[in-house]
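Q: What follows is the residue order along each chain.
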Amino acid sequence: MAKKNKPTLQIEAEKCIGCELCEAECPFDAIHVVDGVAVIDYEKCKVCRKCITVCPTDCLYLEGVEEGEEEKQPEIAVSTEAGEYSGVWVFVEQEDDQVHPVSWELLGRGRALADTLTCELAAMVLGHNVQAAATESGYYGADRAYVIDDPVLQRYRTAPCASGCITLIRKYKPEIVLVGATTLGRDLAGAIATELQTGLTADCTGLDIDQETNLLRQTRPAFGGNIMATILTREDRPQMATVRPRVMEALPRDESRSVATVAEPLGITEDQIATKITGFQPDTDLDAPNLQYAEVICSGGRGLGNPAGFKLIQELADAFGGVMGASRATVDAGWISHDHQVGQTGSTVRPRLYIACGISGAIQHLVGMQTSDIIVAINSDPNASIFNVADYGIVGDLYQVVPELIRLAKERNLKEALLGQTTSG
Amino acid sequence: MLRMVVCVKQVPDTTEVRIDPETNTLIREGVPSILNPFDAHATEAAVQLKEKYGGHITALSMGPPQAAEALKKCITFGVDQAVLLSDRAFAGSDTLATSCAVTAGLRKIAQEDGLDLVLCGKQAIDGDTAQVGPGIASRLGFPQITYAIGIDKIELDQRTIKVHRRLERGIETVQAPLPALVTCVEEMNELRYASLPNMIRAARYKPEVWTAADLDVDEESLGLHGSPTVVARIFAPPEREPGEMIPGGADDPAGAAASLLDKLLEHLAAGAGE
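In order, the protein sequence lines correspond to chains V and H. Per this note's numbering: the first sequence = residues 1231 to 1655. Per this note's numbering: the second sequence = residues 473 to 746.
None of these hints come from the bench; they were simulated from the model. Any given hint could turn out to be false.
Unchecked claim - Within a straight-line C-alpha distance of at most 25 Å, the following computed BS3-like cross-link-like pairs (lysine-lysine) qualify:
hint: 1; chain 1: H; residue 1: K735; chain 2: H; residue 2: K522
hint: 2; chain 1: H; residue 1: K735; chain 2: V; residue 2: K1640
hint: 3; chain 1: H; residue 1: K625; chain 2: H; residue 2: K524
hint: 4; chain 1: H; residue 1: K625; chain 2: V; residue 2: K1506
hint: 5; chain 1: V; residue 1: K1245; chain 2: V; residue 2: K1276
hint: 6; chain 1: V; residue 1: K1506; chain 2: V; residue 2: K1541
hint: 7; chain 1: V; residue 1: K1541; chain 2: V; residue 2: K1645
hint: 8; chain 1: H; residue 1: K524; chain 2: V; residue 2: K1506
hint: 9; chain 1: H; residue 1: K580; chain 2: H; residue 2: K678
hint: 10; chain 1: V; residue 1: K1506; chain 2: H; residue 2: K678
hint: 11; chain 1: H; residue 1: K634; chain 2: H; residue 2: K524
hint: 12; chain 1: H; residue 1: K678; chain 2: H; residue 2: K634
hint: 13; chain 1: H; residue 1: K634; chain 2: H; residue 2: K735
hint: 14; chain 1: H; residue 1: K735; chain 2: V; residue 2: K1645
hint: 15; chain 1: V; residue 1: K1401; chain 2: V; residue 2: K1541
All values derive from a computational prediction rather than experimental measurement.
Start from the sequences, fold in the hints, and give me the full structure.
A: As structure tokens, then:
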């Protein structure tokens, strides 16, 4: 029998990364991160072990406990309610009869999740005259489309759309619901999750199924992209996540696939909705929407030295047939509009070619562009962290290198060459 | 008379969070805490509305005792009073539990002073979720107007608000009844310099602190207990393989540029053949 010494919590300080998860988890206010290392307050510690379960680096342990005994921590049971829920659903976002491509990207990922869980993949299509979008969802991988077609849903408004989604989710009980992390999707997802009192993880960059528990593992950047966190919604259903455009990949469109359609009524009339749309002014500057789906992006950073430097970047982008991006530092400094910002608080991009000029490569920038096919970095600082992710790097003054690059790109008609490559590739 | 509450958060200035290259750990010391920039614009919006329509503004935050600093910042903008929800019971809240506690705070304010309009930033720069605003609106049953860039007008008699919203493809104008919740983006306004009287008032100001016991709320729905999501694992972001450095950038820029173009075309050609 184990000796009955009172166990105490210990810490291997060298392993501690100061992430504060233990501090947040502790119900007794007994552990605090001081100068980057967790410090235990033994007066308050009740040895409940909660901190040990959340520590990502396993630096917390119990002393005075026999081997094996520490395994007896209570497992968080998956509620029996979870068993009633089945199926992976994707919200199909559409406006003016145009489906946002993020919906097909989510169906692409959703297909893999549904196959792992051996359940159905469904599209949730709400709008007016949306049969075409429902059919299209089948081409992109959905087995079934739950459709609410009503004139009230002609233009997106939170209340009727959320209400329709909630009705469908309560009736058909999907296990997982995915929504694009777009302006519309973020407006909607928070409203749905709150009403359903379930978990919602924003801006996931990875989604997969835990083999043991069948839970959805939702991975997203935290602390400005310095670390990645995997989030679980253990008990509540559905498990909800938003994903930015260009993070997942759509399946090739397959017109031979058909989709079973289930139509439901909205059950709300126009006079029950308090919010009215009284006007819409479309953008004339089409640069911003192009950034996310651009095949070539040329970006400028603080190394430009002044706002006028973006003229050169625009010329470079023109020579390569691409669009212009920017780092957060330049946007914060007011050199260029936020529409051009690439990174954690800007757009996530995934072009075939990304050329970073005078960008140091702060982590919040890298998380927004590091899945680009080819990354080129031009920077005068050989230690700039952008070179750690670049396929090709040139150390030098961008005002000397970039004009040469523009001249040669024009001379060799790179725009055409890239266009040919990108359409065939 | 417009009774407004601005919901704000104190955040680390994430642009300044760095990794120690030697130990590969986060450097958290010395990272300044700031009022979430989007919340600053929401606060300024409230102050401008008060100037136009008259009214009363409360700034509301949830966080540790030091979050009082963010509320004092709101006082410099010209906010009338500030309340901090602070209790161990709130620790470890995810967005659902956060919206629960903040909503309870709003209900208490509404009971005591009335409530016409809730203003929030579109999201906090540390979490970037944009989920708490819609969560509060949903719990209160208020219309939610997200991504606001301007408040066109408020009709106090008809109790309506008209707002311009920044969408991905343009600007939408919506009208909703009061009380409503509006989340603001940075285009909403230009921040002004604080007036001297407001700065003096802020320096001396002590926000009221409410604990869970002050709120009419089920403790089970707060903090960790009330959070459906849990962090299961934290790890370093995967690194991309470093590539090739092309020499000559300093002394032969033309040569380096030519060499880069050759390699790019080769790379793209190889990619297209896959």
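Q: Taking the hints in turn, state whether each one holds.
A: Comparing the hints with the structure gives:
1. H:K735 <-> H:K522: 60 Å, violated
2. H:K735 <-> V:K1640: With Cα atoms ~16 Å apart, K735 (chain H) and K1640 (chain V) stay inside 25 Å; holds.
3. H:K625 <-> H:K524: 10 Å, holds
4. H:K625 <-> V:K1506: Since the Cα atoms of K625 (chain H) and K1506 (chain V) sit roughly 14 Å apart, the hinted pair holds (cutoff 25 Å).
5. V:K1245 <-> V:K1276: The given pair, whose Cα atoms are some 23 Å apart, holds under the 25 Å limit.
6. V:K1506 <-> V:K1541: 41 Å, violated
7. V:K1541 <-> V:K1645: 18 Å, holds
8. H:K524 <-> V:K1506: 24 Å, holds
9. H:K580 <-> H:K678: Satisfied, since the Cα-Cα distance of roughly 19 Å is no more than 25 Å.
10. V:K1506 <-> H:K678: 41 Å, violated
11. H:K634 <-> H:K524: Holds. K634 (chain H) to K524 (chain H) sits at ~15 Å (cutoff 25 Å).
12. H:K678 <-> H:K634: The hint is violated at about 34 Å.
13. H:K634 <-> H:K735: With a Cα-Cα distance of about 55 Å, the restraint between K634 (chain H) and K735 (chain H) is violated, given a limit of 25 Å.
14. H:K735 <-> V:K1645: 15 Å, holds
15. V:K1401 <-> V:K1541: Given that 25 Å is the threshold and the Cα spacing comes to 55 Å, the pair is violated.
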